[in-house]
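Visitor: If you're matching them up, the sequences are chains A and B in order. Counting from 1, one number per residue, gives the positions in the first sequence under our numbering. Counting from 1, one number per residue, gives the positions in the second sequence under our numbering.
What the hints contain is simulated information worked out from the structure, not anything from laboratory work. Just so you know, not all the hints are guaranteed correct.
What the hints assert, rightly or not - To be clear about the criterion: a stretch of chain A counts as covered by chain B if any three or more of its residues have a C-beta under 8 Å from a C-beta of chain B, and this derived list gives those stretches:
#1 49-62
#2 385-398
What the hints assert, rightly or not - No farther apart than 27 Å at their CA atoms in a straight line, the calculated lysine-lysine pairs in the DSSO-like style are these:
#3 Lys292(B) with Lys110(A)
#4 Lys168(A) with Lys146(A)
#5 Lys24(B) with Lys215(A)
#6 Lys140(A) with Lys110(A)
#7 Lys405(A) with Lys441(B)
#8 Lys110(A) with Lys146(A)
#9 Lys144(B) with Lys383(B)
#10 Lys316(A) with Lys330(A)
#11 Lys300(A) with Lys332(B)
#12 Lys405(A) with Lys180(B)
#13 Lys480(B) with Lys383(B)
#14 Lys318(B) with Lys242(A)
#15 Lys441(B) with Lys68(A)
#16 Lys144(B) with Lys405(A)
#17 Lys258(B) with Lys246(B)
#18 Lys120(A) with Lys151(A)
#19 Lys337(B) with Lys294(A)
#20 Lys110(A) with Lys48(B)
#21 Lys84(B) with Lys68(A)
#22 Lys362(A) with Lys292(B)
#23 Lys290(A) with Lys318(B)
#24 Lys136(B) with Lys441(B)
#25 Lys362(A) with Lys318(B)
#26 Lys290(A) with Lys332(B)
#27 Lys151(A) with Lys48(B)
#28 Lys144(B) with Lys206(B)
#29 Lys48(B) with Lys68(A)
#30 Lys293(B) with Lys362(A)
#31 Lys180(B) with Lys370(A)
Here a beta-carbon is modelled for each residue, glycine too, at the ideal position from N, C-alpha and C.
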Amino acid sequence: MKDILVLGGGPAGLTAAKALVDMGMRVVLVERSESLGGMARELTCKGLVECRNCGVCFAIDRAGEILKEPAAEVLLLSETASVQKAEHGYSVKIKTSPRYVTDDCIGCGKCVEICPVNGKAIFAPTGSGQPRIHWIDRSKCLHFKKAKCDKCASVCPTKAVDYEDRAKNVTRDASAIVFATGIEPIDACEMSRLGCGTLKDVVSSVDAERILNEKGRLIRPSDGKAPKKIAVIQCVGSRSVKVGAEYCSKFCCKYATKISQLLLDIDPEVSLDFYFMDLRTLYEPQDEFKQWAKAKKTVKLIRSMPATVTAGRDGKLLLRSSGDFDLEIKEDEYDMVLLSVGMKPSGVTSELAKSLGISPDKMGFASDGKQLEEKGVYVCGAVAEPMDIEETAVRAVSAASRVAKSKGVST
Amino acid sequence: MKASIQVVLCKCCTEMPALLDMAKLEKLASDAPMVMSVVTVDAACDGKDLARITSEAKDKEVDRAVVLACHKKDISPALLKAYKRAGVNEFMVELANIREEVVLPHLNEPERAQKKAEAKLRAALNRVTMLEPLEKSMEPMGTKNVVVIGAGVSGQAAAHAAAKSGAHTILLEKSGKSLKAPGVILTHSQVIGGKGYGGNFTLKIKAGEKIEDLDCAAIVIATGGGWTQLKGPLAKAVKDAIPLYKLNELLQAGSVPKGPIVVVDTPDPAGKTLKVQDFAWDETLEIVIELKKRSPETQVFVVFQEMRAFGLSELAYKEAAELGVTFVRYDKSGTPKVDPKMPSKLAVKDSSQGEVLNLSFGTLVFASIPANPDNMAIAEALKIPMSVDGGVRRGSVQRWPVSTPRPGVFVCGSALFPKSREVAKVEGEAAGTMAGEFAAKGAIEFGGSIAEVTSEKCSACLTCVRTCPYEAPFIGTASKAEIRKQLCQGCGMCVGICPSKAIELHHYTDDQIMEEARTLLGGDF
Chain A
1 MKDILVLGGG PAGLTAAKAL VDMGMRVVLV ERSESLGGMA RELTCKGLVE CRNCGVCFAI
61 DRAGEILKEP AAEVLLLSET ASVQKAEHGY SVKIKTSPRY VTDDCIGCGK CVEICPVNGK
121 AIFAPTGSGQ PRIHWIDRSK CLHFKKAKCD KCASVCPTKA VDYEDRAKNV TRDASAIVFA
181 TGIEPIDACE MSRLGCGTLK DVVSSVDAER ILNEKGRLIR PSDGKAPKKI AVIQCVGSRS
241 VKVGAEYCSK FCCKYATKIS QLLLDIDPEV SLDFYFMDLR TLYEPQDEFK QWAKAKKTVK
301 LIRSMPATVT AGRDGKLLLR SSGDFDLEIK EDEYDMVLLS VGMKPSGVTS ELAKSLGISP
361 DKMGFASDGK QLEEKGVYVC GAVAEPMDIE ETAVRAVSAA SRVAKSKGVS T
Chain B
1 MKASIQVVLC KCCTEMPALL DMAKLEKLAS DAPMVMSVVT VDAACDGKDL ARITSEAKDK
61 EVDRAVVLAC HKKDISPALL KAYKRAGVNE FMVELANIRE EVVLPHLNEP ERAQKKAEAK
121 LRAALNRVTM LEPLEKSMEP MGTKNVVVIG AGVSGQAAAH AAAKSGAHTI LLEKSGKSLK
181 APGVILTHSQ VIGGKGYGGN FTLKIKAGEK IEDLDCAAIV IATGGGWTQL KGPLAKAVKD
241 AIPLYKLNEL LQAGSVPKGP IVVVDTPDPA GKTLKVQDFA WDETLEIVIE LKKRSPETQV
301 FVVFQEMRAF GLSELAYKEA AELGVTFVRY DKSGTPKVDP KMPSKLAVKD SSQGEVLNLS
361 FGTLVFASIP ANPDNMAIAE ALKIPMSVDG GVRRGSVQRW PVSTPRPGVF VCGSALFPKS
421 REVAKVEGEA AGTMAGEFAA KGAIEFGGSI AEVTSEKCSA CLTCVRTCPY EAPFIGTASK
481 AEIRKQLCQG CGMCVGICPS KAIELHHYTD DQIMEEARTL LGGDF
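Based on the provided sequences and hints, a complete structural model is requested.
Guide: Here it is in structure tokens:
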């Protein structure tokens, strides 16, 4: 039996791959970066006291499972070089860049400590990405320049650094292709009026999650102190005709409300103002967030899009906004401002997508038309339209079942 | 008691040694009675370290182990497998989470962290000596049937997908509509009861006038939404309001109802709980746009609490606004009202301006897909929890999507909460696939950490029978309570509530818990 090629190792690709393997198929998963997990790698678990159903661990768990799966071949640091139509499917050429670190790596981090390069040339996998094996960026590493530095190799306790690692070109025959290249966050710095990029303590929610994931608590990037008064601003880069995207990114309200709840769980004394246009919390039939906010004395929901964030006194941030109903302009001081950024599809405009017949629609998403599926190309995940991890998982299973159907495989 | 214990200290790469004195912990472990081996590893989640743990455990012939590492979920499956290879029962391995529970919360207080870690180690050592080996058992499934309840959009998709996974599908439909789907189709049929557990369910079906039993391995709930009438004060004032789907049908048939048209988001805006999700926005917006395109001169108002135009529906929201649809947001302070004396005027307070608007209407439309009333009976029969608004409650996202808290029962479409047709179809496919795969496993695993009744102590008071959310306890032939092992999920509710203290939960017996608690509270930290 031929393999199914899965492009992308994020929540969509992983779930589809696992579902396909469970249905008795062989899978080749191609991931561009050094580890599996996609966007979910840098997101944090939002349940301190109880599970808040954010779905991050779901993606990370699938990554762990796929790596142990004998029927799944995982190619990391790999790009699909070309796709050719072949008999009953596609012939795919994949280029795998060298990692320079073998499976013997135990992730102790000694190599990163000793690396003399400014900004480091050897890295741990991003966030909670799987597998936990380090990797070397050849373009930065001094070993491949005149210096012939081998500090990381000498300090490695398991001798896992292998400078002789070479790029590989492999060819795989695929009977179907699952296109799940996923999304990337919209750069919050596009909204310069909100201070992102110029003010250190204005961070995008993705950065905030990264901090929470690493440290277990939120700290101000400027002085490392815990913020006591936080503003969360929704729809940054989404629902905007001027910057970013015109559509609603769908999951921002979900994650932002859950981060807010997490912040209050970590420190009940934090006071938090939540600025929003429409509260579109997914999967909350009774507006639980509104009820939760009502019960907390320090949380305020404000229906407003703030105008500016500027530097205030004593390292604080000054936020100008108009009130709920009136036009009166208010100024509030905050220790930290979180911008809930939206997302945009990734990899839709690539040559590869073009050769598969995938073309971006007017919002830049990959249209998952029926004609594509007849040709054996299945688009799944947030690359097709905005969705959260949970919906991604549902759609990936459904796409996998359609793949199985067309291949006539039954378990 | 004779035991030989292995203690594993995981460094978690560099995190633990950075804060804790590992040598002290090692010393504490090796000085403890019955400890045969102490292993310090860099990362207990890593293959090589696991292999080392296995070989050490084999060499020293240990029969139980204490592992100080991170969260159970991160490490448990691989670690338990490693111990299985060494012949150690999985219930004889005690995990102490010192990463999330000690290191992370006490990052700036190394002394407290050290004390807490030592206390946790002592407690785990004491507890592990009291553990007993437990075995899980397998039971074959009696059938490969997958029952799909409801033959709407999601139900039909589920049946097709399940059939593709090799299951025998049985599609139940309440109405008599003619259907095309694989497997058996039972129209005019309803679920009125059920018993059993994932893999071996027996459903009581009312098909026409007959009542029969139906064996199945997995169940997909696809009951969809139920359309209702207007409710509350609005219903009294307006008699001829139509639901959104009726408006769609009229449009499809080529007619446009009398304008101006006012669309209200819920059938009972004055109700105590404002169910904002009772509104599948993507479809509502599509229908409103269609209406405006057919008849541009008709005035259209959409009265809502929260505009949930998710994702690309935002574009439809914009398009509708550009076509001239007026959107009016209200909140609890000014819900839509109709004065019975003037039955063609809707008064609503626009919350963005704070003014009361009087909208005269020719047709009042309510857009809502409240949960299907049948859900209650099905949830009762299958013992699955409901959400507050009458939908089926989905399982945790950590599990697979479309699953419920009960193994073998899957749910899709508007049975959870209102969805558009496209999403319902996708969910149906996913649920059908999962159900088909579940049925294809052919056997179920049960046992391990479950409750057991000491029949001498039981007074057959029925408290456990009434308490158990899974219907596991029953009064057996000896007039004493017994636990059906396949149904018990090990939640411990019966154990806590039993007035005679006759029930014990294996792996969490009173002695084990008390011993652990005593050691933990004995130290000062």
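Visitor: Now, for every hint given, state plainly whether the structure supports it.
Guide: Here is what the structure says about each hint:
1. 49-62: holds (count 7)
2. 385-398: With 11 residues in contact (Cβ-Cβ under 8 Å with chain B), the coverage given for the stretch 385-398 of chain A holds.
3. Lys292(B) with Lys110(A): Measuring from Cα to Cα gives roughly 66 Å; hence the hint is violated.
4. Lys168(A) with Lys146(A): Holds. Lys168(A) to Lys146(A) sits at ~24 Å (cutoff 27 Å).
5. Lys24(B) with Lys215(A): holds, 26 Å
6. Lys140(A) with Lys110(A): holds, 18 Å
7. Lys405(A) with Lys441(B): Holds - the C-alpha atoms of Lys441(B) and Lys405(A) are around 19 Å apart, at most 27 Å.
8. Lys110(A) with Lys146(A): Given pair Lys110(A), Lys146(A) holds - Cα atoms ~23 Å apart, limit 27 Å.
9. Lys144(B) with Lys383(B): Cα-Cα ~21 Å, so holds.
10. Lys316(A) with Lys330(A): OK: Lys316(A) and Lys330(A) at ~16 Å, within 27 Å.
11. Lys300(A) with Lys332(B): Holds, because 17 Å separates the two Cα atoms, which is no more than 27 Å.
12. Lys405(A) with Lys180(B): holds, 18 Å
13. Lys480(B) with Lys383(B): holds, 23 Å
14. Lys318(B) with Lys242(A): Roughly 14 Å separates the two Cα atoms, so the pair holds.
15. Lys441(B) with Lys68(A): holds, 20 Å
16. Lys144(B) with Lys405(A): holds, 19 Å
17. Lys258(B) with Lys246(B): Distance of about 14 Å is within 27 Å: holds.
18. Lys120(A) with Lys151(A): Answer holds: Lys120(A) to Lys151(A) is near 12 Å, not above 27 Å.
19. Lys337(B) with Lys294(A): Holds, at about 26 Å.
20. Lys110(A) with Lys48(B): holds, 18 Å
21. Lys84(B) with Lys68(A): holds, 17 Å
22. Lys362(A) with Lys292(B): holds, 23 Å
23. Lys290(A) with Lys318(B): holds, 26 Å
24. Lys136(B) with Lys441(B): holds, 17 Å
25. Lys362(A) with Lys318(B): holds, 15 Å
26. Lys290(A) with Lys332(B): holds, 13 Å
27. Lys151(A) with Lys48(B): It holds: about 24 Å lies between the C-alpha atoms, which stays within 27 Å.
28. Lys144(B) with Lys206(B): Satisfied, since the Cα-Cα distance of roughly 21 Å is no more than 27 Å.
29. Lys48(B) with Lys68(A): holds, 14 Å
30. Lys293(B) with Lys362(A): holds, 21 Å
31. Lys180(B) with Lys370(A): Since the Cα atoms of Lys180(B) and Lys370(A) sit roughly 21 Å apart, the hinted pair holds (cutoff 27 Å).
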